[in-house]
Amino acid sequence: SAVISQKPSRDICQRGTSLTIQCQVDSQVTMMFWYRQQPGQSLTLIATANQGSEATYESGFVIDKFPISRPNLTFSTLTVSNMSPEDSSIYLCSVPASGDTQYFGPGTRLTVL
Amino acid sequence: GESVGLHLPTLSVQEGDNSIINCAYSNSASDYFIWYKQESGKGPQFIIDIRSNMDKRQGQRVTVLLNKTVKHLSLQIAATQPGDSAVYFCAESSQSGATNKLIFGTGTLLAVQP
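Chains as they are written, first to last, in the numbering used here: chain A, 1 to 113; chain B, 1001 to 1114.
Derived from the structure by calculation, the hints contain no laboratory data.
Where a beta carbon is used, it is the ideal one built from N, C-alpha and C, also for glycine.
Treat the hints with care, since some could be wrong.
To be verified - So the derived label-pair ranges between C-beta atoms look like this:
1. A:11 to B:1018: 39 to 49 Å
2. B:1076 to A:13: 40 to 50 Å
3. A:65 to B:1060: 38 to 48 Å
4. A:86 to B:1040: 18 to 28 Å
5. B:1010 to A:86: 41 to 51 Å
6. A:75 to B:1009: 33 to 43 Å
7. A:65 to B:1010: 45 to 55 Å
8. A:113 to B:1060: 36 to 46 Å
9. B:1106 to A:65: 38 to 48 Å
10. B:1072 to A:16: 36 to 46 Å
11. A:98 to B:1071: 24 to 34 Å
12. B:1012 to A:30: 39 to 49 Å
13. A:59 to B:1051: 39 to 49 Å
14. A:13 to B:1018: 41 to 51 Å
Claimed, not checked - Pairs of lysine-lysine, DSSO-like flavour, derived with a Cα cap of 27 Å:
15. A:65 to B:1042
16. B:1068 to A:7
17. A:7 to B:1056
Construct the entire structure; sequences and hints are all you get.
Printed below as a string of structure tokens:
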């Protein structure tokens, strides 16, 4: 199974600022996924990041708010821009695994004051 | 650690009992289903999966049952242990082009009483 790390593990930020979350995988993968998990809620897919192309965003998520970079096959970043308290969530990256499942990183716990 | 189960349905069982966690899925076209376990402060961990051409699959202490007629999925945990305490999510795979997106259910908090 892939080993996935995320940085930072948690952060407390002021409204109006931006935070960039990093996701590192120990093997090369074509696709990486970014999810949001709001407090007490399930996971919602934000976007799919393919290396060498623009990320594909799900309904309700836009590139200006959640810009994504995918510079190589083992790394991706998600930026949460112009944050508000409603952005307080756990942000998770994942990669495809055998079959059609996905392996998840440990998550980044974001609190916006 | 941070809890993700504050607003989730809760199943409370005694240690040693069997647990059954249920999930209703929405898309009749989904053909792949996964159960994940999420412990406090961690990301979801794969438990077991099943494809729509099966109605039952067994793993170590876990069994997944799929009823396509009523779009229902269940996870059975035998001899539940305190280490099984976590939030459990079902996910369905919605295949769209070359990307297999996962759609997650609402989750159930399993609380194992010693």
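* Asked: For the pair supplied as a hint, residue 1068 (chain B) and residue 7 (chain A), is the alpha-carbon distance within the 27 Å limit?
  -> Violated. Residue 1068 (chain B) to residue 7 (chain A) sits at ~40 Å, over the 27 Å cutoff.
* Could you see if the CB distance from residue 65 (chain A) to residue 1060 (chain B) stays within 38 to 48 Å? => Holds, at about 42 Å.
* Asked: Are residue 65 (chain A) and residue 1042 (chain B) close enough, with their CA atoms no more than 27 Å apart?
  -> holds, 25 Å
* Do the beta carbons of residue 75 (chain A) and residue 1009 (chain B) sit within 33 to 43 Å of each other? -> holds, 37 Å
* Asked: Do the Cβ positions of residue 59 (chain A) and residue 1051 (chain B) conform to the proposed distance bound of 39 to 49 Å?
  -> For residue 59 (chain A) and residue 1051 (chain B) the Cβ distance comes to about 27 Å; the hint is violated.
* Asked: residue 7 (chain A) and residue 1056 (chain B): Cα distance at most 27 Å?
  -> violated, 38 Å
* Asked: Per the hint of 39 to 49 Å, is the separation of the Cβ atoms of residue 1012 (chain B) and residue 30 (chain A) within bounds?
  -> Holds, at about 42 Å.
* Asked: Taking the beta carbons of residue 1106 (chain B) and residue 65 (chain A), is their distance inside 38 to 48 Å?
  -> Distance hint for residue 1106 (chain B), residue 65 (chain A) is violated at roughly 24 Å.
* Using the Cβ atoms, figure out if residue 11 (chain A) sits within 39 to 49 Å of residue 1018 (chain B). => holds, 40 Å
* Asked: Are residue 1010 (chain B) and residue 86 (chain A) spaced within 41 to 51 Å by their CB atoms?
  -> violated, 26 Å
* Asked: Would you say the C-beta atoms of residue 65 (chain A) and residue 1010 (chain B) sit inside 45 to 55 Å of each other?
  -> Violated, since residue 65 (chain A) and residue 1010 (chain B) (Cβ atoms, about 33 Å apart) do not stay within the stated range.
* Asked: Using the C-beta atoms of residue 1076 (chain B) and residue 13 (chain A), is the stated range 40 to 50 Å upheld?
  -> holds, 42 Å
The structure fails to meet hints 5, 7, 9, 13, 16 and 17 from the earlier list, while all remaining hints are met.
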